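> Okay, here's what each chain looks like letter by letter:
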Amino acid sequence: MSGNLRTRKAHVGRRDRWEAMGFLLPSFLLVMLFFVLPVVITGFLSATDMSSSTGFRHWHWVGLANYAKILNSPRAMSRLWLTLQYVALTLVFFNVGMGLLLAILTTYVSPRMGTLFRAVWLLPRVTPTVVYVMMWIFLAADAPYGVINQLFLEPLGIAPRYWVAAHPLLAIVLVNGYIGASFGMIIFTSAIQSIPVDLFRAAMVDGASRWKQIRHVVLPLLRWPLLFVIVYQTLSLLTSFEQILILTDGAYNTEVWALWAYHRALNNYWGYFQWGFGAALAALLVLIGVLLSVISLRFFRLKALIQRPLIESL
Amino acid sequence: MMKRLGLYAALILGAIVFLYPFLWMLSATFKPELELGGFHLIPHRVTWENYRLVFTRIPIIRAFVNSLFVSATATTSVIVFGAMVGYALSRLSFPGREIIFNVILFTMMIPAQLTLIPLYTLIVRLGWADSYQALIVPGMMSGFAILLFRQFFRTIPPSLIEAARLDGCSEWQILFHIVMPLSKPVITTVGILTFMGIWNDLLWPLLVIHDRRLMTMPQVVALFSIGGLAEARVGAQLAAATLLALPIIVAYAFFQRTFIESMATTGLKG
Numbered sequence: 001m002s003g004n005l006r007t008r009k010a011h012v013g014r015r016d017r018w019e020a021m022g023f024l025l026p027s028f029l030l031v032m033l034f035f036v037l038p039v040v041i042t043g044f045l046s047a048t049d050m051s052s053s054t055g056f057r058h059w060h061w062v063g064l065a066n067y068a069k070i071l072n073s074p075r076a077m078s079r080l081w082l083t084l085q086y087v088a089l090t091l092v093f094f095n096v097g098m099g100l101l102l103a104i105l106t107t108y109v110s111p112r113m114g115t116l117f118r119a120v121w122l123l124p125r126v127t128p129t130v131v132y133v134m135m136w137i138f139l140a141a142d143a144p145y146g147v148i149n150q151l152f153l154e155p156l157g158i159a160p161r162y163w164v165a166a167h168p169l170l171a172i173v174l175v176n177g178y179i180g181a182s183f184g185m186i187i188f189t190s191a192i193q194s195i196p197v198d199l200f201r202a203a204m205v206d207g208a209s210r211w212k213q214i215r216h217v218v219l220p221l222l223r224w225p226l227l228f229v230i231v232y233q234t235l236s237l238l239t240s241f242e243q244i245l246i247l248t249d250g251a252y253n254t255e256v257w258a259l260w261a262y263h264r265a266l267n268n269y270w271g272y273f274q275w276g277f278g279a280a281l282a283a284l285l286v287l288i289g290v291l292l293s294v295i296s297l298r299f300f301r302l303k304a305l306i307q308r309p310l311i312e313s314l
Numbered sequence: 315m316m317k318r319l320g321l322y323a324a325l326i327l328g329a330i331v332f333l334y335p336f337l338w339m340l341s342a343t344f345k346p347e348l349e350l351g352g353f354h355l356i357p358h359r360v361t362w363e364n365y366r367l368v369f370t371r372i373p374i375i376r377a378f379v380n381s382l383f384v385s386a387t388a389t390t391s392v393i394v395f396g397a398m399v400g401y402a403l404s405r406l407s408f409p410g411r412e413i414i415f416n417v418i419l420f421t422m423m424i425p426a427q428l429t430l431i432p433l434y435t436l437i438v439r440l441g442w443a444d445s446y447q448a449l450i451v452p453g454m455m456s457g458f459a460i461l462l463f464r465q466f467f468r469t470i471p472p473s474l475i476e477a478a479r480l481d482g483c484s485e486w487q488i489l490f491h492i493v494m495p496l497s498k499p500v501i502t503t504v505g506i507l508t509f510m511g512i513w514n515d516l517l518w519p520l521l522v523i524h525d526r527r528l529m530t531m532p533q534v535v536a537l538f539s540i541g542g543l544a545e546a547r548v549g550a551q552l553a554a555a556t557l558l559a560l561p562i563i564v565a566y567a568f569f570q571r572t573f574i575e576s577m578a579t580t581g582l583k584g
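Going down the list, the sequences are from chains A and Y.
The first sequence runs 1 to 314 under our numbering.
The second sequence runs 315 to 584 under our numbering.
These are computed hints drawn from the structure, not numbers from a lab.
All figures in this text were calculated on a predicted structure; none of them were measured in a lab.
There's no promise every hint is true.
Taking CB as the label site, the calculated pair distances span [said to hold, decoys possible]:
1) A/R215 / Y/W362: 24 to 34 angstroms
2) A/R215 / Y/T502: 35 to 45 angstroms
3) A/L33 / Y/F490: 23 to 33 angstroms
Okay, the calculated bits of chain A under chain Y, using three or more residues with CB under 8 angstroms as the criterion [as the list claims (entries may be wrong)]:
4) 25–35
5) 65–73
6) 104–110
7) 272–281
Residues of chain A placed beyond 10 angstroms of chain Y at every Cβ, according to the derived structure [what the hints assert, rightly or not]:
8) W61
9) A119
10) A165
11) V205
Note that the Cβ used here is the ideal one computed from N, Cα and C, for glycine as well.
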């Protein structure tokens, strides 16, 4: 009986192996072609001078020249500074700050209301970027269209203007922040909802106020979700530029690093596309992303900021 | 009680701030040009002129069909391939399973915008520029979908699968006849997320498609509303934007409950 079972198991094991191959093959090919290969090509491209003027045939190896060119470029530092400001402000105030606030607010009302409000706050993420950014452009538009001008500033006697041009950094932070907040909101909400209700009851019995409950029960248990959101969103803020592309296309000093790479390599007015140089820019961006992740893991001192939970139930 | 009221007031105020631009946009598409400056939501005089202009100036119906075709094909494939890999990773045992799982997690960490340049050169070399496969094939697989399917399949009782095996079902039959019908929530989530991502995407079509007949909705609307084809007719620009956003927002309104709930419960705990 037992021997019989063993051979059957071995048989199933072998069958598993072949079946697994069949199940994995299509995705394996797609991953190789569209994820692994592009990463390899980025490294290769960044060491060449390949561009729309050399074509795919007449390019040369240039070693690290692209990287040297970037580091010596006077615009690199100002773009890096802009990118860091943009990422830090959006992350702190929206992706983490507002996300956390929304998660806490919507879990303290009835579940039905909470879901409804969360659904509303997800709208900017659901809406096509083109449409979403167009709304901002019209809201911030100069007279006679801008709602912000008419509704809030005319009564105060402030002269109408195009608000994106007047405060470009604020504009790109707001536009991206309203999309970004919903990611943290969803992650934090599910984490808060998985906290056992008993913990809140115990805190209430001990006479803890709302604020103390949040400070000493909720936040400590959100350590991992917080870290996850910080690292993941830092990377995505660093590399995403679609919103900025549509909002300003880099005008008013809003050309963040990723948009710089895109302009140089894929889309610009004079039609000279430097794929090699752009790939080097992208590779450096990965490096910056990894560095920032390490920094937020090490020096953000999340452990000090948020005390260890008293119960290690998660 | 007062505190509770304050909480609701804050939430409702926030919701209004969020909803107002959408309602304003929708109403603006029915306003004559002279009324557009106003922030009132009900047009004094309703006009269809803006929509007429959109339909006569740009191939918006063709773009709609293109978008639908591209998004539906890629989404179906993401679901099928995602379920296959998710099943293999959760219910089959074979050497290297954990390594493969880690590779998939790694692909999730690569932001799509980073591989834009090499992917573009790759597509051009494959001779796929200006073709449907350029829009569909790179989006046929998603690490996120695989992760969601794997997490969900782990909650399906192994005895069910074991019983089917004893009855002589192939793994293929088990997946598509037994496991998949039990997986509607995760299929819905993956389906909505993928469809939405591809429907809304502007960057990739902008790079690989230059033939107007192959353009997707976001691209055509961007060209019209931001690229200047609308000749500064704001009402028409917003009408085109509304046509782009409407299908996705209606779908979202229908599915948002499933969507939020499954997104929150499908193991994305960090």
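> Next step is simple, just say for each hint if it's right about the structure.
To see whether the hints hold, each was checked on the structure:
At about 56 angstroms, the beta-carbon gap between A/R215 and Y/W362 misses the expected band of 24 to 34 angstroms. Range check, A/R215 to Y/T502: Cβ separation about 37 angstroms, and the 35 to 45 angstroms hint holds. For A/L33 paired with Y/F490, a C-beta distance near 25 angstroms keeps the hint of 23 to 33 angstroms intact. Judged by the Cβ-Cβ criterion of 8 angstroms, the stretch 25–35 of chain A is covered by chain Y as claimed, because 7 of its residues qualify and three suffice.
Requiring three or more residues with a Cβ within less than 8 angstroms of a Cβ of chain Y, the coverage given for the stretch 65–73 of chain A is violated, as only 0 such residues are present. Figure legend: the stretch 104–110 of chain A, annotated as covered by chain Y; annotation consistent (4 residues with Cβ-Cβ distances under 8 angstroms, at least 3 required). Beta-carbon proximity to chain Y at under 8 angstroms applies to 3 residues in the stretch 272–281 of chain A; the threshold of 3 is reached and the given coverage holds. With a least CB separation of 16 angstroms from chain Y, A/W61 remains clear of the 10 angstroms interface cut-off, as annotated.
Interface exclusion of A/A119 from chain Y breaks down, the closest Cβ pair being 4 angstroms apart, not more than 10 angstroms. Residue placement check: A/A165 keeps its beta carbon more than 10 angstroms from all beta carbons of chain Y (closest about 16 angstroms). In this structure A/V205 is separated from chain Y by more than 10 angstroms, as the shortest Cβ-Cβ distance comes to about 20 angstroms.
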